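Student: Next come the chains, spelled out residue by residue.
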Amino acid sequence: MGLVRFFARRILLTIPVLVGMSVVVFLLLRLVPGDPAQVILGLRATPEGLAAVHRDLGLDLPWHRQYLHWVGNFLSGDLGQDYRSHIPVAVLLRQRLPVTLELAALSMLVSLCTAIPLGVAAAVRRGGAADRAAMLLGLAGISIPDFWLAIMLILFVALGLGVLPSSGFMPLTQNLVGNLRSMALPSLTLAAGLAAVLVRMTRASMLDVLSREYIKFARAKGLRNRVVVYRHALRNAAIPIITLLGLQSGYLLGGAVIVEQVFDLPGLGSLTVTATLERNYPVVQATALLIGLLFVVVNIATDLVYGALNPRIRVG
Amino acid sequence: MSRLLEVSDLTTEFRSGPRVARVVDRVSFTLRPGEVLGLVGESGCGKSTTGFSIMRLLPPTARITGGAVRLDGDNLLTKSDEEMRQIRGGRIAMIFQDPMTSLNPVLTVGEQLVEVLREHRDMSRPDARAEAVRLLQEVGIPSPARRLDSYPHEFSGGMRQRMLIAIAIACTPQVLIADEPTTALDVTIQAQILRLLRQLNTEHRQTGILLITHDFAVVAQLCHRVVVMYAGEIVESGDVGEIFAEPKHPYTQALLGSLPSRGGERGALPAIEGLVPDPAAYPSGCRFHPRCRMAFEDCPVQHPSRIPVTPGHDAACLLYRR
Amino acid sequence: MASTEAAAYYPRVLRIGEILRRSRMASAGLTLGAVLVALAAFAPLVATADPTAMDFNAPFARPGLAHPFGADNFGRDVFSRVLFGYRTSLLVAAGSVGLALLFGTPLGLVAGFVGGITDHVIMRPMDALMAFPAILLTVSFAGVVGASTGVLIVVIAVVYLPIIARTMRASTLAVRAEPFVEGARSRGASPLRLMARHVVPNAMDPVLIQASVLMGIAILIEAALSFIGLGTQPPHPSLGLMLADGRDIMRDAPWVVIFPGLAIVLAVLSFNLVADGLRDVLDPRGALR
Amino acid sequence: MSRLQEEQVADLVAKFKRGSITRREFIAAVSVLGGLTAVGGTIATLLKSSGLRGSLTGPVPAAAAGMPKRGGTLTAATIDKPVNMDPAFAELYSSMQVYQNIFSKLVYVDRNYKFVPGLAKSWRQVNATTWEFDLVDNAWFHNGDKFSAADVKYTFDRLFDKKLGAANAVFFTPTEGVEVVNPTRVRIVTKPNWGGLIPTLAAVLEVVNKRAIESADPKLQPVGTGPFRFLEWVKDDHITLERWDKYFKPGMPPLDRVIFKAIANDTVRLTGLQKGEINWIEQVPLQMVDQLKKAGAIKANPNGAFFPDLFLINCTKPPFDKVEVRQALSWALDRKAIARLVWFGQAMPSAEALAPTNPLYSGVDPYEGAPNVAKAKALLAKAGYPQGLKAIFAAQPQVPTQVQVGQLIQQMTKQAGIDIEVRSFESARWFEELATKRYDFTSTYWSATLDPEHCYFPLGHSQSPWNFAGYKDEQLDRALEKFRFTVDPVERKKAYAEVVRLTALGAPVVFQVNFLRTYWTQSNVEGVATLPSLELRMEDAWYA
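Residue numbers (the numbering used here), protein chains in the order written: chain H, 1 to 316; chain Z, 317 to 638; chain C, 639 to 927; chain R, 928 to 1471.
Simulated from the structure, these hints should not be mistaken for laboratory data.
One or more of the hints may lead you astray.
Examples of chain C residues toward chain H, derived with CB under 10 Å [said to hold, decoys possible]:
| no. | residue |
| --- | --- |
| 1 | 658 |
| 2 | 660 |
| 3 | 665 |
| 4 | 673 |
| 5 | 674 |
| 6 | 675 |
| 7 | 677 |
| 8 | 775 |
| 9 | 857 |
| 10 | 867 |
| 11 | 868 |
| 12 | 892 |
| 13 | 904 |
| 14 | 910 |
| 15 | 914 |
Note that the coordinates shown come from a computational prediction; the quantities given were computed from them, not determined experimentally.
Where a beta carbon is used, it is the ideal one built from N, C-alpha and C, also for glycine.
The whole structure should be built from the sequences, with the hints applied where relevant.
Tutor: Okay, structure coming up:
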C-alpha cells in the first residue's frame, strides 16, 4: 500500500510543476521575437500569405485562447502538428524518443560497465594501477568537451580508419548491426563524459565506505574480500552513485543536444533546438513537456532505487 | 593446551612519512582457556592496537615489526592472508566498541549473522538461519525468529551490542577479543552486557576472553587476571584480586587511586598530571617517570624490565629491582 | 587565542601557501591556469598574427613556422585565434561564476541560516530554475537581446545560480549546527554578526571548490553554445566557434579542429586540478563531493 | 564536321565531364579529330571558363549514348525535407523538387533555354494582350479526371484567391484573366506585350485539379497530370512516386518508381551514394568535388550556374541609405575570392543574376576591375564618411556559407574603410530583421532565375512585396516595366542589359557569385542534368 501512496503523491506533486513549466514555455516562445509564419514562408512571404498562415495555425487568436486550445487538444491526446512539415507532433516524438532513449541507455550501460568496476578497484587498492587509471580517466573525462571528443572520433575513427559511420542513424527495427554501428561513436562520446564523473564518484564513495567500522567488523568476521567489497561496501557506496546517475540521465535525455547534432542523430535534443530556432511552437511545447516528464520519471525511479538500497528511508 | 593465546614481544609501528610511532612495544602476555584477561590502560596506550595486531586487522600505515602471537601453538604472524582470513571469525572473534556503526546499515541482521555461519561452518542457508535464531536467543534478544529480517536501525544500542556478540560467538571461537564492549553504552545497558559476557564465559569454558578496556570497574566485575599498559608497554600484570588489593606500579596505583569507590570518603579524586606521551617520542628510561610521583634519579636513565614482585604478579618499575 | 580567532575569518581555501605545499595537484592546476591566463593576457604579444587577418593565397596552410597551429580555410592563423579565443573563454568563465557567486551565496546563506518559510521561498524557484531547459533559456535571451558573449555570461550565471545557492545552503546548514556557532549565539551575537564572522568563513570552502569546477564547465558551455551559433559571434574568436567552422573542412585541415579542442581541454583541466587539489587538502574524507 | 566526328566529340565531352579524362588528354584527342576551331563553340567555352576546374558550362549536347531503357526504381536524396505539396505555395525548394514530377506545366524549358511543349502543344500571341494555348487531349489527372482547359482556368483562379495567399501569384501580377475557348484551347489575357508570360508559365505554374483540391488536403495529397503518381508519404522519412501509365507523353517516363529521401548532412548523403543505397543526390561536400570527379566512381551530371548568391542592402536607413556607400561596397568586393574560399571553386564570380548560358545574359558590370580600394574610398568620402563607417552583416548560423561570406567580406572591406561586424540571428530572427527592415545588409540566394523578371522585378521594383532593400528608384521601375512589357527577344535583351546596369549602379542588391548546382548519380544513371528552371525532371532519368 505504501508504494501506491508514494506514487500517487509524487504524480500529484509533478502535475503542477509540469503545468507551470508548460505555461512558462508557452509564454517564453511568444515573447521571443520571430514569427513562425515568417519562417514557414521565408523570402516568399506576402502580407496575405502571412495572414493565411496565421489563420491556418490559429496564431491570430489571443494568447490565452491559444493556450487553452492547446491544453484542450493535449488532454484529448492531440499534440498538434509541426508547423513546417505538418507531421503530427506525436509521430515526431514517437520517431525521436527511441533514438534519445537508445543513446541514453547505451551510453549509461557503457559508462556503468567501465566506471563502477574501475572506481571500486581504485578504492580497494589505493595508489595501485586501477587508482591511477581512475584518476586519469576521471580528470581527462571531465575536462574534454563531449562535442570535441565527437569530432575527434569522427576524424580518427570514422574517417581515419573508416571503421564506423561518422553520422546518420539506422533504426533498430531496420538492421541491428547497422543500428549498433551508427550508435557506436555517439554513445561512446557520451559514455566517456559520464564514466569520468561516475568513476570519480564511485572511488570517493567507496573510499568513504571502506573506512567505516562495519567494514572493519566484516573483515573481522573473516569474510572473503570479494564479499566485503561487493556485498558490504558497494551496496552502501551505491546510494550517492544512484543519485548521480539520476542527475546524469536527466542530462542524457535532454542535454545531449550537441552530440546528436554532430552525429546527425534525429533525437529529442536536436529536435528541441531546431524547433526552438524555427519557432515551431507545438513541437517545442511538446518536447519540453516530454523532457520534463522524463526528468520526473527518472527522479521517481532514483528515489525507488534509493529506498531499495537504503532501508532507513524505505518507502511503504 | 594450557596456553591458549601466547603473545610474546609483540611490536607494532605506525609509519607516516618520517614519523615512526611504536604504538605497541614488546608486549607479552598469555590467555588461558576459560580465563578473562583484562588489558587495561588510558586511551592511546596501544591496547586496541594490540587487539587489532593479534587479529592482523591493521590499517595500511601500520606494520607488525616484531614478536610472535601463538594461538594454540600456531604463530599467527607467519600465516598467509588467506589462512589468517579463515582464522578470523572462526578461531578468533572480535567484538567492536560502537554497536551503532559496527553493523552494516543496509543488510538485515539475519544476513550479517548467516554469512559468518555459512563462511566458517559451511552450513546450508536454512540450517544457518535456525542457528542464527538460537544465537540471538542465547544473547538475550526477544522473539529472535521475527527480528531476524529486521535492519540494524530498528534495534536499540544494547540490542545491537548483543547482536555483535552473537556474531562473534557464532563459530564458538577459541579466543574472543572484546574491544571496549560497553564504553558506548549507558550504564544500565552496560551492566546487562557485562552479565551476558560473564554468563558466556561460564558456559563456554574452553573460550578465552581478552577484554580491552580503560574502566577498572569493568575489569573488577569480569576479569580473572589483568595486564596494565602504559605508553605501548606492559607495566604490571597479575591476578585481579592482588592488583586491586596491592597495586605495585605507581601508574597502577594512580589509576586505582582515581577510582571512586563506594565507601570511600568524599573529596576530590586525585588525577594524574600531564598527558599520555607521544608514541613517536617516548621519554627515556621509564616512560612514566615524568608523571610518576615516586620517580628518582635512575628512572629517566634506566629502562625497567618486568620483575615478578610476588608469584604471578610482576611490575616494571625500578623500585622493585631484583 | 587571537591567532585561531583570526584564522576563522578567512576561508581556509584562501590560505594558498598551505594548499600549494600539501597538494601537488592543486599546484599543477594553479601553474597551468596561471600560464593560460598569462597567454591570454599577453595574447597580442605572443600571437604570431592578427587573429582575424586572412591570407587568401594560403588557405589550409599546414602547421609550420609561419602558422604554428596551421591556418583555416580563410588562411587565418589558428594559433593566434586560439590565444584570443582563450580571452573569451576565461572572460565568460570568470564573469558567469563571479555573477553566480555574487547572487547565489547570499541567497544560499539566508536560506540555510534562517530556514523555515524563507528557505522554501528562496529554494523552490531555484529548483524550478534547475529543471528549466537551458537551451530554451539561451535562445530566448539571445533572441531578445541578440546573441553575444555578454548574454552568454548572464545565461550561464542564471544556470549556475541554483547550483551555488544549493551548495551554500547545504554548507551553511552544516556549519550552523556546529557547537561553536551555538556557543556564539548563546553569547548574544546578532544573526548578522554570526553569519559574517562565523558561518560564512567556514561555509565558503565547498562553495569555492564548486566555483572552481563551475569555471571549467563554463568554458565548456561557452564553447558548446558558440558551437551552435548562440554564443560568441564572429569575428570575435571563440574556441567553440572555431570547432563549429572547422567541422566542414576537418577532412582537409584536421589541425583546425585539433588545436582549439586541446586548448579547451587544457583550460578546463587546470580548473579541475585546482578543485581536486583543494578538495583533497580541505576535505580528505571526500565529504564535499 | 562529319556526323562521325560530331559523335566522337560528344563522347569525349561526356567523358571529360565525368572527369574520366583530364583537360590535357581532352584537347589532345580533339586536335586529332581535326583541329580545335572545327569543333565549334563547345570547346571554346570550355577552354575560356577560368576557375572552373573540370566542369563545363557550354550548351550541353543531347544525350550522347543510345535510347532510354524502361524500368527500375531510383532513390533520390535531397538536402532538405519536403514540407508542402501544394504548387501554389512553392514552399521550400525541396517540396518543388518532388511535386514538379507529380504535376505538369503548360510549357517547359529545355537545357538550351528553348521553350518546349508541355500540356500546351502550341501557343501564339494573338494580339498585344492575348495569348492562346492549344492543349493536349490525352492528359489525365491521377484521380482519373481528364485534363481540359477548365483546369487551367481553375489553377489561375485559385492562385489569385486572396484568402489562400499563394506566393506564386506575385509572379503573375500582369495577368488580367483566363478564358476557356474550348476543352483543348485556353486564352490568357495580360497587360500589353508581357514578355515574361511564357518563362513564368515554364517556371512556376503547375496545373491542379479542382475535384482533387477540394476532396483532400492539397498540402499532403498532390494530384496532377505529371509523369509520376503520388503513392505514399512516410513522414520524416521518404516519399514514393510511381509511374503514371496514362501520362500524355507516350512511352515516358522510363523509371517505374522514384523514392525521395532527405539527408541534410553532405557526408552521409555522399556515403549513401557511394554505398549504392542511393542512386541520385543533390550535392556533395563542396571541397570534395574535384577529388570525386577525379575518382570517377560516381558521376557528376552537367550543371549550370543558375543559383545566384547576392547581398541584400537596406536602403531605408544609414549607413546604406546613400547610393555612394552601396557603390563603395560594390567596389570593395573580390568576387573571385568569394567563389574560391567560400564555395571552394564550385561557384562562378558573377555581377548579374543570369548564367552566361542564358540567351538574355548581358555581361554588364559597371564595377569591372573590382576590388578597387581607391574608388571605394573616394565614394565613401563623397557620401560624407571620409574616415569610413561601421555596418552590421546579419548572418544565420544555420547557413554556413552565409557566415563564411560575412567573415570574408569583413576582411575585404576593411582596407576600404567599411568596418563590418558579423552578427548572428537564428532564422526566425533573421527573417524578422528583413521584414521589419532593421538590418543593415545581409546575403541570400534567389532560386527563381529562369527569367530576369523573376529576380530583378521582385527585388528591385518599388511596388514589389519582396523589395527587401526598400529601394525606390523611378528610373529602375521604368526600365523594369519596359523590360517586362517587351516581347521581341532582341529588344528584351537590350532592356534587360539596362536593368542590370541600373540595378548595379543603384546597388540595392549586389550579385556576388552563381553557384554551380551539380547533381551526382551512380555511373549507370543517364539523362539527369540541371535545368535553367532548376526543375528536377525525373522523367528524363533512366538506367543505362
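Student: Is the interface hint satisfied for residue 775 of chain C? The criterion is a beta-carbon contact with chain H at less than 10 Å.
Tutor: Where the cut-off is 10 Å and the nearest Cβ of chain H is about 8 Å from residue 775 of chain C, the hint holds.
Student: Per the CB criterion, is residue 892 of chain C less than 10 Å away from chain H?
Tutor: 6 Å, holds
Student: Can we keep the residue 677 of chain C interface hint, with Cβ of chain H closer than 10 Å?
Tutor: 17 Å, violated
Student: Regarding the hint that residue 904 of chain C lies at the interface with chain H, is the smallest CB-CB distance below 10 Å?
Tutor: 8 Å, holds
Student: Would the hint on residue 868 of chain C stand, with a C-beta cut-off of 10 Å toward chain H?
Tutor: 9 Å, holds
Student: Close enough to count: is the Cβ of residue 660 of chain C nearer than 10 Å to one in chain H?
Tutor: Not OK, violated: residue 660 of chain C not within 10 Å of chain H, min 17 Å.
Student: Closer than 10 Å between Cβ atoms is the bar; does residue 658 of chain C clear it against chain H? Give me holds or violated.
Tutor: 19 Å, violated
Student: Given residue 665 of chain C was flagged as interface, is its beta-carbon under 10 Å from a beta-carbon of chain H?
Tutor: The hint is violated - residue 665 of chain C has no Cβ within 10 Å of chain H, the shortest such distance being about 15 Å.
Student: Answer holds if the nearest beta-carbon of chain H is closer than 10 Å to that of residue 857 of chain C; otherwise answer violated.
Tutor: Holds - the Cβ of residue 857 of chain C comes within 10 Å of chain H, reaching about 8 Å at its closest.
Student: Interface hint check: residue 675 of chain C, Cβ to nearest Cβ on chain H, cutoff 10 Å. Holds or violated?
Tutor: 17 Å, violated
Student: Hint residue 914 of chain C vs chain H: min CB-CB distance below 10 Å?
Tutor: OK, holds: residue 914 of chain C within 10 Å of chain H, min 7 Å.
Student: Closer than 10 Å between Cβ atoms is the bar; does residue 910 of chain C clear it against chain H? Give me holds or violated.
Tutor: 6 Å, holds
The structure is inconsistent with the numbered hints 1, 2, 3, 4, 5, 6 and 7, although it conforms to all the rest.
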